[in-house]
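Asker: Take a look at the letters that make up each chain.
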Amino acid sequence: MSRVKSTKQSKIKQQVAHSSGFHLFVEFLKRELKNRYLGSTAGVFWVFAHPVIILLIYSFVFSVIFRIRSTDFGGVGFLPFVAVGLWPWLAFSEALQRSVTSVESSASLIKKIKFPHEILVFSSVIAVYLIHLLGLLLVFGALTLMGHNLHLIMLPIFLLYFLLQMIMSIGIGFMFSSFQVFLKDVSQIVNSVMMFLFYLTPILYSITLVPERYRDYYQINPLAFLIGRYRELMLAGEWNPQPMDLIAVIASILVFVIGYQLFKRCSRRFEEFI
Amino acid sequence: MVEKSVTPDDCLIELDGITKCYPKLRTSGDRVSALWQVLRGKEVSRQHQILSDVSFNLYRGESLGIIGENGAGKSTLLKIIAGVINPTRGKIVVNGRMGALLELGAGFHEEHTGRENIRIAAGLMGLSREEIKAKTPQIIEFADIGSYIDEPIKHYSSGMVVRLGFAVVSTMQPDILITDEVFAVGDESFQKKCTAWLHDFRERGGTLLFCSHSMFHVQKLCRHACWIHHGKQHMYGDAFEVTQQYLAYHEKKAEQQKQPSETNQPIENANEYRVEQLHLLQTGEIVIDPVYRLGETLSITGQVWSPDDRHPNVAVGLLRADGTPVYGSTSEIAGYQLKRLDAQQYEFAINFPDLVLLPGSYIVKAHALDPEGMRLFDTVEAQFQILGQTREFGFCQLKHQWG
Chain B
1 MSRVKSTKQS KIKQQVAHSS GFHLFVEFLK RELKNRYLGS TAGVFWVFAH
51 PVIILLIYSF VFSVIFRIRS TDFGGVGFLP FVAVGLWPWL AFSEALQRSV
101 TSVESSASLI KKIKFPHEIL VFSSVIAVYL IHLLGLLLVF GALTLMGHNL
151 HLIMLPIFLL YFLLQMIMSI GIGFMFSSFQ VFLKDVSQIV NSVMMFLFYL
201 TPILYSITLV PERYRDYYQI NPLAFLIGRY RELMLAGEWN PQPMDLIAVI
251 ASILVFVIGY QLFKRCSRRF EEFI
Chain R
1 MVEKSVTPDD CLIELDGITK CYPKLRTSGD RVSALWQVLR GKEVSRQHQI
51 LSDVSFNLYR GESLGIIGEN GAGKSTLLKI IAGVINPTRG KIVVNGRMGA
101 LLELGAGFHE EHTGRENIRI AAGLMGLSRE EIKAKTPQII EFADIGSYID
151 EPIKHYSSGM VVRLGFAVVS TMQPDILITD EVFAVGDESF QKKCTAWLHD
201 FRERGGTLLF CSHSMFHVQK LCRHACWIHH GKQHMYGDAF EVTQQYLAYH
251 EKKAEQQKQP SETNQPIENA NEYRVEQLHL LQTGEIVIDP VYRLGETLSI
301 TGQVWSPDDR HPNVAVGLLR ADGTPVYGST SEIAGYQLKR LDAQQYEFAI
351 NFPDLVLLPG SYIVKAHALD PEGMRLFDTV EAQFQILGQT REFGFCQLKH
401 QWG
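Residue numbers (the working numbering), protein chains in the order written: chain B, 1 to 274; chain R, 1 to 403.
Among these hints, one or two may not hold up.
Unchecked claim - Only part of the chain B face toward chain R is listed, based on derived beta-carbon distances under 10 Å:
(1) L109
(2) I113
(3) F115
(4) S178
(5) F179
(6) L183
(7) R265
(8) R269
Unchecked claim - Over 12 Å on every C-beta distance to chain B, these chain R residues come out as not near it, computed from the model:
(9) G61
(10) F108
(11) N117
(12) S147
(13) H230
(14) K232
(15) M235
(16) T301
(17) Y327
(18) A343
(19) I350
(20) T390
(21) C396
Please keep in mind that the hints were generated in silico from the structure rather than gathered at the bench. Even for Gly, the Cβ is constructed at its ideal location relative to N, Cα and C.
Let the sequences and hints guide you as you build the complete structure.
Answerer: Below, the structure is given as structure tokens:
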């Protein structure tokens with residue numbers, strides 16, 4: 001059934017293959033970053049310009065046209081309020097959308113070359129997270145310069161939650177990218193669901209604005225939880241870990257492990273269906 | 001080929017009952033149920049069988065040729081051995097480093113430069129970062145594409161992509177080389193480089209596993225051959241025996257279909273090895289359309305032009321006027337060295353004494369071959385007649401005794 005490797009010699013080779021697997025991942029990551037952002041002339045500029053434009057539009061619509069009161073989102077400015085939630089959201093949704101098709105779009109590679117397929121998911125998700133992390137840090141810097149009071153001391157803890165979010169994204173990416181090989185509709189479904197999810201996640205509004213009877217539904221949205229934490233950390237400078245945080249850690253790791261197992265099971269057969 | 005005593009350690013590849021099936025996917029319902037079955041770790045219920053129950057061992061230094069018609073499953077088998085795809089059933093054990101020349105340039109990305117693609121392609125072949133770093137200059141030198149190495153691949157000609165692909169594989173020093181009919185990649189000069197490299201690879205004790213439609217190459221390079229027919233291992237054994245059976249099968253088939261069988265097509269090129277002259281001699285004199293009698297000596301001489309002034313080889317074949325081959329051999333098989341007359345000019349002579357050919361019209365064909373005896377170039381023909389009065393049939397007189 002499987003490729004059995006015997007003899008000491010091939011054990012050594014397996015170790016070599018392992019280290020070159022990491023090297024391969026780094027190369028794929030570089031390729032992913034380069035493909036997406038360095039191809040166009042302004043390259044890196046667009047990486048940050050796009051979310052900033054989104055942020056400015058929302059800020060105009062909500063604070064100028066709708067004139068929402070700052071008490072509705074905890075007394076801080078609308079810009080930092082949305083910014084703290086928007087970049088993690090963009091990282092999540094873009095990572096998912098890209099990772100879903102990551103296997104399918106490498107069909108020619110999968111049919112012709114032997115390599116660990118999971119690298120495709122890892123590199124597509126991590127590339128997106130790296131880019132948005134950089135954007136996030138730049139925006140935090142810009143907001144601080146503009147005089148907004150961000151609790152940058154909480155940044156390390158913020159990054160731990162961001163890492164947790166990435167682990168979950170990789171796990172979901174594993175699942176959906178393998179389903180996509182079999183059912184081409186998965187990516188369409190993901191795109192539509194992301195549209196819903198954007199408005200069902202408290203990014204443009206605070207969870208406190210949600211009527212009590214709907215608030216329980218927000219509990220099952222892991223992003224609602226994470227964005228809540230991001231805001232407490234950066235805007236209020238508070239960190240009150242609760243049992244829910246432990247559950248979130250366990251759940252993220254579980255999603256990753258299950259996703260990886262599913263992917264491993266399917267990846268042996270990708271070439272037959274792709 | 002160097003004979004070696006075979007120990008279990010020398011077994012590079014062990015195939016046991018390799019079977020490969022592909023799912024039948026007609027409707028999206030098929031895809032949904034296939035996903036469900038794969039997730040539960042079960043076999044997909046509706047399948048085509050592409051390969052069934054292929055088993056053989058490949059030992060170090062014992063090259064193997066895989067032959068068979070188009071669509072027989074040869075490429076699938078090579079991909080399974082290369083680890084690109086997994087067999088549905090059966091066991092495969094691989095010892096040693098494998099280099100697959102299945103799809104040259106398959107891992108390349110258009111937007112990236114040759115240098116960047118070397119890093120990825122070599123990584124895909126399992127080389128570590130340090131190894132890649134150390135070998136990159138060698139790869140670049142072998143590919144020999146000049147300053148293009150720092151240009152994106154999309155600006156390359158297809159030949160350059162192939163050169164780069166071959167350069168990566170050739171530099172990784174595999175124990176086993178798996179190729180899918182890629183002896184002739186790139187332009188003539190690069191082909192020569194490939195051929196020389198392959199020769200060197202085998203001299204160093206490298207093992208070759210390849211599929212080919214060229215029986216000539218299989219016989220020359222391999223000790224064993226495996227004939228895959230409709231996904232089944234139809235015949236496995238001595239390269240000559242298997243290829244001859246295969247050719248016989250094709251002749252039979254061609255006869256039924258009245259179509260010529262697949263043959264080794266000569267390469268035509270003005271700057272390559274070519275036969276410049278071909279003469280038939282009768283009692284020491286050049287005669288056009290000579291006539292011989294049974295028992296006489298057929299003498300053939302000719303000249304071969306060598307573009308690089310290395311000793312070329314020549315193949316000479318006798319055919320019936322209707323094209324049926326009677327006999328053929330090459331200077332490379334016999335170990336005969338052509339005589340150098342002048343720069344790039346080489347002469348050969350071959351005698352067939354005591355002619356046993358039965359009366360009729362015959363053709364002599366001469367092909368130029370490269371010094372490695374690998375590539376076949378142009379063809380020059382001459383005709384002759386055998387006269388005689390005999391009521392025997394066939395085309396040659398075999399020694400026989402009645403009673």
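Asker: Does each hint hold? Answer for all of them.
Answerer: Results of checking the hints against the structure:
no., hint, verdict
1, L109, "holds, 6 Å"
2, I113, "holds, 5 Å"
3, F115, "holds, 5 Å"
4, S178, "holds, 9 Å"
5, F179, "holds, 7 Å"
6, L183, "holds, 6 Å"
7, R265, "holds, 6 Å"
8, R269, "holds, 5 Å"
9, G61, "holds, 17 Å"
10, F108, "violated, 10 Å"
11, N117, "violated, 10 Å"
12, S147, "holds, 21 Å"
13, H230, "holds, 20 Å"
14, K232, "holds, 20 Å"
15, M235, "holds, 26 Å"
16, T301, "holds, 49 Å"
17, Y327, "holds, 42 Å"
18, A343, "holds, 45 Å"
19, I350, "holds, 45 Å"
20, T390, "holds, 59 Å"
21, C396, "holds, 49 Å"
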